[in-house]
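S.K.: Each chain, written out:
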Amino acid sequence: MDIVRRNNVTVTGNPHGPSVVLAHGFGCDQNMWRLTVPALAEDYRVVMFDYVGSGRSDASAFSEDRYSSLDGYARDAVEVCDALDLRDAVFVGHSVSAMIGALAADAAPERIGALVMVAPSPRYVDDDGYRGGFGADDIDELLASLESNYLGWSAAMAPAIMGNAERPELGEELKNSFCATDPDMARVFARTTFLSDSREDLKRVRVPTLVLECTQDVIAPQGVGAFVHEAIPGSVLITLEASGHCPHLSAPAATNQALVEFLAGLR
Amino acid sequence: MSPLKITARDAMTGPVLEVIGALDYANATELREQVTTLAFRPGQRLVLDLAGMEFCDSSGITALIAARNHAYSAEADIALAAVPAHTLRVLRMIGLDQILPLYPDSETAVRS
Amino acid sequence: MMCRADQQPDPHRAGDETSDAVFAALLEDSAEELYESAPCGYLSTLMDGTIAKINGTLLGWLGLEREAVVGRMRFTDLLTVGGKLYHETHFAPLLRMQGEISGIALEIKQTGGGRIPVLVSSVVKHGSTGEPLLIRATVFDARDRRSYEEELLRRRKAAEEARKQAEADRARLQNALAVLQQSLLPDILPSIPGMEAAAHYHAASPDRLGGDFYDVFPLDGNRFAFFLGDVCGKGPQAAALTSLTRYTLRAAALHDPDPVCALSTLNSVLHERYTGSGDPRYCTAVFGTLEPDPATGQVTVHLAAGGHPPALVLRADGTADYLPTPGGLFVGILPDAHFATATTTLDAGDTLLLYTDGLTEARTGEDRTALFGEDSLLAFAAHQAGRSPQAVIHALTGLLNGFGDGLDDDTALLALGVPVRPATSPATRNPE
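Protein chains in written order, with my numbering: chain A, 17 to 283; chain B, 245 to 356; chain C, 249 to 680.
Read the hints as simulated data drawn from the structure, not as lab findings. Please note that the accuracy of each hint is not assured.
[Unchecked claim] To be clear about the criterion: a stretch of chain A counts as covered by chain C if any three or more of its residues have a C-beta under 8 Å from a C-beta of chain C, and this derived list gives those stretches: (1) 43 to 55; (2) 240 to 248.
[Said to hold, decoys possible] Output of the computed footprint for chain C on chain B, the stretches with three or more beta carbons under 8 Å from beta carbons of chain C: (3) 254 to 263; (4) 303 to 317.
Ideal Cβ positions, reconstructed from N, Cα and C, are used throughout, including at glycine.
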């Protein structure tokens, strides 16, 4: 199988530099790293990809069975590393991709030599003293809302509702400007993401790890970053003065600085 | 090929149906339906005049057999008149010439 | 979009003082007043989402006081949990990347616990050096629209379900048809010691269920039986008759393999089944037995036919002849039917060819007056005489394909022949 095509792998930056893999989270695609790439391009070989079911990946490769667990997404990540024959790459994962990175590093230790976790959360649901930020009811509502938000998702791509047979160019244009995915595949990713529990997986992380958390993050509330940091021996926690769940977009300078310093420390 | 046209008249011996055109899968039921509307008295003879029949396939043959069965059930008789050569060949091959009396023309058929 | 402000005052009424006064009053509808009472919600936030300004319309929808909102709440605080998630994973990143985003469906929470579906459009206002300063958003009440959309979605889902159901039904039907069709014809012909057999079936009906049939099967240790025929009509009714015919003949032959007996049994069954049903159905059939002589390799063929075109015998010496069975009656017409019999012997290189009238009745011209016919078939067969059954069937298949649209009936072909050299028997040693 052509993994490079399947996962829409793009490679940029310095071809002779160490490899840094940028992995998007639930929602959009590799375009999320638009403001990160310039900070790395001079010194690092930058690899980006879209998980199957996201962005411009090959939707025909999607299987609900495979992508109903984070292991399925971790296999995507490992297969991308295999396809490029990466060694000791730094895997930068945003949101759920931070956990996917932990699984991938465990599965392919020769491929992944360090982790950067951007706004990670190993467990979204509050659980017996653990505060993930969402009650069980919230998750139900959230999944139900994802169901009904089929409309929300598609309001920006309304033609998708109607099949858009007469004006395919309309759907194409909207898709290009929107983090659009097939609603059915997005639902699978959402369910896998928000029902996962990766707390135990963190204990198996053996590589140098940087944890980046935001001061105001609805999805990964304060305290979660500290939990991740404490669960991974030797990890570094940096709290960014940033609001929202995407510091690489809302506070690119601070995010890039933390990232570059961590990468420099590895060399 | 002309579409099927069936005209009916009464002779001394009973009803005479003139079959003109193609008696095939598409319209053989017309003949079958028309025959079932006929009222026979016992001993009468139904004559099917096939002089104008241009084509007859297996559905047409079936309609001829159905006509025979209908006549027999009313204790009537049946005769075929002026069977075209190609149909005659088929009738002989499938043995129908043994159970359907054949006459050279309808005049002979209503006299015999 | 409706209230464009670029219209010039009507020149014809330029001097009308009353009009001027109305126009002036309209101008006094200040921007501030318009902002507060606009028929949509307005909202400005800092880049971190903190609400800096909000209009009365939106406060009214939320059921909140301005003091409780401005500087105290973020935009995401107004949203449902699902909306928050969608905002963080889609809305905010896109707004950052594109500088604007429009028409996104979200739900805002009301203090009473209610929800209002809204459509949100936002733009980022940048400072003089290009740095993002704040986010301006308009919020439209989308309750009506959402219910239309939900109805659309519901209909679409229902249509999708119906389509899936229809596809499943069609697949099931096709499967059923395939199974039925398979029950009408043998999957493969049995291997007959000392003989070769080949067959071809052309189905005229698009739903594939045909009205012609053939079969070859063992009778006892030495003998085999074969039959081939044509039921009247087309489609499912014809297929039902075909099935009845095939299994009746097989069962009858096992009881008594005499060809006339087998056809008589079939005749009784069909006559009993269809006479008086108002839908008389008959078939033509040729039924025969093959009796090989192990000493000579010759095969004796006994056959009987009812209403069927005569079989052909292709001889090794390059000649071909019909094997006439005149006067055999259509099977199923009369309670007591007469069937014609014939006998021949096949020697090495001879082939018996059975066919249905789809072949001889194939149109070779524009209308039905020009048919392929028995004479042409005889000539064609003579040309094939001496060749193997497979080769004969192959040649006839090519002939059928050549008829194109002229071949509008089902056609079955069955060739049974004695190879020129004895067929390899299991006792024959393989070359070392």
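S.K.: It remains to establish, for every hint, whether it holds in the given structure.
M.R.: Now for the hints, and whether the structure bears them out:
Check on the region 43 to 55 of chain A: 5 of its residues sit with their Cβ under 8 Å from a Cβ of chain C, so the three-residue criterion for coverage holds. Beta-carbon proximity to chain C at under 8 Å applies to 0 residues in the region 240 to 248 of chain A; the threshold of 3 is not reached and the given coverage is violated. For a cut-off of 8 Å, the count of residues in the region 254 to 263 of chain B with a CB near a CB of chain C stands at 0, and the three-residue condition is violated. Counting residues of the region 303 to 317 of chain B whose CB falls under 8 Å from any CB of chain C gives 6; the rule of at least 3 is met.
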